[in-house]
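**Student:** Got chain B; can you put chains R and V on it based on the hints?
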Amino acid sequence: MSSLANCVLYAYTHTVQLRIQPGATPIYQQVSDQIRRRVSAGRLSAGQRLPSVRALAEQLAVNANTVARAYRELERERFVVSRHGDGVFVADRSSPFLARDRRKLLESAVDRLLLEAEQLDVDTDEVAELVRERSAQRAESSPNLPRRVGS
Amino acid sequence: MNSFGAARALGWEYYRMSRRSVPMVTLAGCSLAGLYWIALEPFGARRESLVFSAVFGTLLIVHGMTLLNCRSEGLALGFERRLYRLPMSTPGLVIWRMVPAALLGAAMYLATAGFMKLVLGTRWPVLGPTAISITCLVWMLALNWSLGRRPYLLAPVGLAVAVPFVLWLKPRFQPGAGELMANWGDFGAMDLVLLALAVLMAVMVAIVGVRADRAEPRTLQSLVARNRVGGRRAPISETMPRRKSRSRAGFRSATGAQLWMEWREKGVWVSLWAALGLIFCALAGGFPEFLAGPTLRNGLLFIAMLLVLAPPAAGFLHGRSNLSSRDSMLDRVRATRPLSDRTLAMTLLLATFVTTAAAWLVAILTLTGVFVVTWLWGDTAKVEEIVEGLRLALQHSAPADLALAGLLMIGFCVAASGLPLSLVLSGRSRLTEGLAAPYVLVILGLIFERITGSDAWRRLLPYPAVMMLTMIPVASGVCAWLCYRRGHYSLRALIRGGLAFVTLAILLVFRFPFLQQAFVPGGLPFERAVAYAAPATLSAAFLPFVLAPLMLAWNRHR
Amino acid sequence: MSYPLEIQALCRRYGGTVALDHVDLVIEEGAVLGLIGRNGAGKTTLIRHVLGLLKAQSGSVRVFGADPVKHPAQTLARIGYVSEDRDLPGWMRIEELLRYTRAFFPDWDETLASDLCRAFDLDPRQRVRTLSRGQHVRTALVLALAPRPALLVLDEPSSGLDPVVRRDVLEAVIQHVAHEGRTVLFSSHLLDEVERVSDHLVMIDRGTMLVDGPMDEVVEGFKHVVYRHAEDSNGSGFGALPGMSLCVEMGSTSSGAASSGAPSSDSASRNSIDHEVLCLCRFETSVDEHALAAQASAGGFELIEILPATLDEIFLNLTCRAS
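Sequences listed follow chains B, R and V, in order.
Take the position in the first sequence, starting the count at 1, then add 492; the result is the number in the working numbering.
Take the position in the second sequence, starting the count at 1, then add 20; the result is the number in the working numbering.
Take the position in the third sequence, starting the count at 1, then add 262; the result is the number in the working numbering.
These are computed hints drawn from the structure, not numbers from a lab.
Take the hints with a grain of salt, since some may be wrong.
[Claimed, not checked] With the Cβ distance kept under 7 Å, some of the chain R side facing chain V (calculated, not the full set):
| hint | residue |
| --- | --- |
| 1 | 277 |
| 2 | 356 |
| 3 | 477 |
C-beta atoms are modelled at their ideal positions from N, C-alpha and C, and glycine is treated no differently.
So that you can see chain B by itself, here it is in the shape it has in the complex (with noise of 0.2 Å):
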């Protein structure tokens, strides 16, 4: 079935390669993180329709409901709409909310940057000149690397 999956389902996988590492993180969570960042990172663009939850479930060979509770999640928070009987689709990325979703998305990296930091005792304006510093240091060994962060 694998063959016959990956036919029908050719046209998805390239759209949303998510990748399904059963563990600590609940599966439903790692889908919406791998959503939201790919709508973060702008590799989803707005207006684009997302495979239906059958269709996500049988290419990552999870449970359907899993699929389904992740894009609940995701339309919950705005990341994706679903339009009633055409499917669901990656929200418009100008919504001030995303922006601010960007930012919430980021903020959880930090904290745990954070908690890292406190437990090596390094204060936060070390952290900070830390983060500079690393920047700097890509953008000259990678100068095309997309600066969306900064953007």
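**Tutor:** Using the frame of chain B, we list chains R and V on its own:
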């Protein structure tokens, strides 16, 4: 793994596989000879045939055992593929598989001979039949192993091997020599050397055959798959020629499908086995008699006995779903068929009948062949006499009698195959072993006769028949009630069955007045036991229909 | 409306050993129930009850409202079953096996069967005996799926298989439940598979049910909690905090030793310091860390850390606790 260690391991495995069945088979061999002695000698069977029944009865069963028991995938011909994985040379495998089997066969014959000597006190030939039994077993295994892939060659090749053997054996039977030992006493060194050469030849044939089988890839498909370089294969329907076969069209019903499975998995082998055994027996056991002796009777009785043995064998095979393991639980494919317990049991019963009928057909065809051969080259007058007798018997019996006789025969088939099937279907090995009880009783009787010197117990034989006559309807009634309670049968179906039974019983008793004498109290002569067998058979023929669903349910839902 | 499967207080003994001990289980229509447990935990025994191959010694089993022992034909016709063993008749060719099986199921979907055979690259002329283990499971899967059964029962179908075939099994499950009214009972000891495809989880060990609940609730409800308590209190009160339904202690260290990084050999000093305890807890509702910390400190505990627990960890800790 040194070769001796490997051989010991193989021998041990063989012992573990056959440890429980060997005593049973020996018992069967003894009782076969004993039964032949008791039941058939009065009818004029020659004692030479006793030796052959003991030897070939044992051999057939041992051969069956090596066929059935050593398989992991049910019944199949050919060498056991599992052993190909062992780091042993092919000659090693063949020899160390053959040696225990041959020794076992010889030991079983010796046990039977000892039993006949000790219990019946007859002088019993040892050296000749033992050597012959080893030779035959080794050849049977060799042919079975080398022709596993081409079973259709088994009969012609077997025949080609058997004919010189029979020609060699024929002078052993001096016509008119009554004493058993007279013919076997001059079994000399020359004969032994000849048989040893034959054994050697069989070993060589087996080695060549098994080596070819070991080297051959599993199937054509796997060869194709191995040669496939990559990429997707064209759809099978395009590459493979579509074979038009009856079964391709699909089965008309679930029962039909199950019946097909039973037949292909077991029935066809039983028939093949019966054919092989009968041909072999006719050649080795009965045939020399036809050619040498003045009477056809021995050979006929011999084949008739195999006819009697076919239904229980079919019942046993169809009842056991896993032939290789000790655990006789219903296998998962059968157990998870969406069929009710009754339907499944009836399908298995039907399969048993079909198998029995096929085995009978094979036996009758063989018998006809033997008749024709004897008529052509042997005792022409005798054959014509028998045919004439049959013609007269048919002419003078009323159609009703013939119909009833036919009915009785069907009844016998149903009872003799259905009851073992039902017991084996229970999946409880104790009940299956209970099948040996009649044999044990006969053996005990023989020992009793030897010790006390009185044959009074033979006059007691009809009493168990009377007991069966009363027990079986009671058992049928109880089973029918249980079937009704558990929902296997509707009340209506049971009443209908009961009415049919009563009608048939009344018809039988009124049609054959001698049956009525059976109910008169008093001494029962041996001959009259036959009179009991008829109604007992009839009532026993109804029992499997109610017993099998109960036993199947007991096994299926543990 | 009856459930696809409803088991009440099912007990089973084999001689002296208890195989199932008061198992209660309900599968709702459309659900994928993942049944996990170690080898010999009772999964197969449970499934054999569902198929009617074992009679309930006490308690009851109902498949679509009917007793599978009393009505085997009716219940088995609605069940598709893949067993963990190689138990298909080896002498049959695949095409023969398909024809044979089709005769038993009136709703047999020939198109699906041939599609699946093609997708699985099964050669219809091949004998079952010569199939590899993966192809054997795929064949069994075709036979189980083609009748479009209302209940698909998979008994450890993917143990010992390569990832491609395992993926096939998972996709088959997902595609199967995608249709209305189809239910799956999926038994496995491969936890990541179960976590992927199931929406309900039952964990069984030595015949008793350790966990029974929706997959998300189980995965989110279990947390590793690290807390500290003074030596004089034995720390047993932690599990009694509100909102916690289960608390298994997994180990404790003296915090002094842990922080210094060197084992403390001085027993007197060890007595004076606090103990740090790691335990696996199950929470009824989503965890509010601050509220829990407050409740803990009221009980004399200092809450240090709450960490998520993976299904593997939950499984290992719960089954090890029982031994």
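**Student:** Hint by hint, note whether the structure agrees.
**Tutor:** Taking the hints in turn, this is what the structure says about them:
1. 277: holds, 3 Å
2. 356: holds, 6 Å
3. 477: violated, 42 Å
Hint violations for this structure: number 3 only, all remaining hints satisfied.
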